[in-house]
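Colleague: One-letter residues, chain by chain:
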Amino acid sequence: MNTTHEAGDSAYDNLSALLDGELSDQGARLAIRQLRDDPTRQARFAEYCAIGDLLRGQHEDLPGLTRKVMAALDDEPTVLAPLRKPREKRPLLWLAAAASAAITWGLWSALPSQESSAPLAAIPTPADVMPYLVAHQDYAQAVLTTPEMHYTRVALSGEAR
Amino acid sequence: MSPTRKHRFAAFSPQGIKRHLGRPSVFLGGVVWVLPLCVASAQAAPSPPPTALPQAEAAVWLQKMADAARHMAYEGIFVVRQGDNIQALSVSNRLVGQGDESRLVTLDGNLREVRCSKTGAVTLVSDGNQVRMEKRLSRRHFPDLLPANPRALLNWYDVRLGEPARVAGLDCRNVEVLPKDAFRWGYILCAERDSGLPLKAVLVNGNNQPLMQYAFAEVKLAASVGPSSNALKPPAWATAHPTLLPDMPEPARPVETEQIVARILPPGYVRITAVKRHLPNMPGEVEHWVFSDGLTHISLFLAPNSKPAHSVRGESARGMVNLMRRQVGGFQATVLGDAPWPAVETIALGLEPRK
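Chain order of the listed sequences is Y and X. Take the working numbering: the last position of the first sequence gets the number 155, and nothing is skipped along the way. Take the working numbering: the last position of the second sequence gets the number 1498, and nothing is skipped along the way.
Since the hints were made in silico from the structure, they are not lab data. Keep in mind that this is a model prediction, so the values were computed, not measured. Yeah, the Cβ is synthetic: ideal placement off N, Cα and C, and Gly gets one too. Treat the hints with care, since some could be wrong.
One side of the interface only, derived from the structure: several residues of chain X facing chain Y at Cβ under 7 Å [as the list claims (entries may be wrong)]:
id : residue
1  : GLN1241
2  : ARG1255
3  : LEU1280
4  : SER1281
5  : PHE1285
6  : LEU1422
7  : ASN1424
8  : PHE1444
9  : GLY1457
10 : VAL1464
With the sequences and hints as input, model every part of the structure.
Modeller: Here you go:
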């Protein structure tokens, strides 16, 4: 039964996506056409709408559907248990995850990083480059040692790869 | 079962997120998390920058600093800080006729000295028991950073007056010379209150983060600097080993025929030098061109090369010095300077064989 149920679920994936506004224009047109021609889909679509209304606290306007859906929910205690307070927990978790990521990124950025001075694509110092760095010191504002450089290969259009 | 799964997806859909963000309790919960980040950002934010000076007033400040570095006598010790490296140097400048002569000597690390006069500039390098003399193309050094006519800089830099400060026991005023575009770094100079001599210079990137700093630790100005000043005498190490190496490079000579042309230059940059020269530890001659906007200098080295290599990008720590090497016709072109990458890249990519 589960297999049949899941196969049936996947057949109606585009209904959920249609409700969530996740379909392209072409996909939405196809989903609406299927919905118009298929009474089973219409029933499933109404069920999805009812559950959405229930979760948004708008179930008072749909007493018949609410009772029907609540009965169905009672038959699925394990899966539905985490949804008893869906609107309080889910967004907090989502925001907490985003905030945690931001804090982690901030702390990571503030720490000294060995990698920041050593690019992944670093290559050895090219031959003959040091005399040029020394010669350019003619325009330095003091007598300085040549700076330590890191080198990477760059690809230019028309250049042999 | 299926509705449950569907709405789990829906909670993460754009509409679902919008619905959740629309609820006050959730919004407040988000604020609890995000507020500390906002506060941290606000604390890290720099204070509002001062307003750019009108051009006439800016030009006066720049000219005063440029003239002081050229036309007044001074001697002292300044410190250069570049990343984790710190170096101390003595500097002296004295007036000779209509011009000036200056000397720069390292006080730690390898012994080196720069001597500048109106006839040119050389670098003396101690090499064991001998002294090597190298021709130097530029005769400017700290605190002489600005060109003789600095007014043209105002096309590419804004000038702002910063806070008063104190450097080497003298009062000075911060003058910020900040770029208007991404093709040059900026300087924050501290001009001595009366003379305008820059007592401190900080090279800054586009975010006003310091890349290099020069600052006097001790300085004597004008009347206190006499012709018998110790700072103007040759250092003991130079007089003790007067022998010049036999392979002293010949002076640079002008480029006679140019086979490469720079089609595109960053705004404000012009070519100020094009010479053929021998470089130490390198066989043969190379062409050395220099492009400048008056404050920033970018070198181009052209060496004959019949075996093209891959193009290379080089970058120093903190990105102060940038380099690009590529093949242009029969030459290997190396462009480098204490300048942002866009400036170096623009020059390098604008090179073409002359047709």
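Colleague: Could you run down the list of hints and mark each one as holding or not?
Modeller: Verification of the supplied hints:
no. : hint    : verdict
1   : GLN1241 : violated (24 Å)
2   : ARG1255 : holds (5 Å)
3   : LEU1280 : holds (4 Å)
4   : SER1281 : holds (5 Å)
5   : PHE1285 : holds (4 Å)
6   : LEU1422 : holds (4 Å)
7   : ASN1424 : holds (6 Å)
8   : PHE1444 : holds (5 Å)
9   : GLY1457 : holds (4 Å)
10  : VAL1464 : holds (5 Å)
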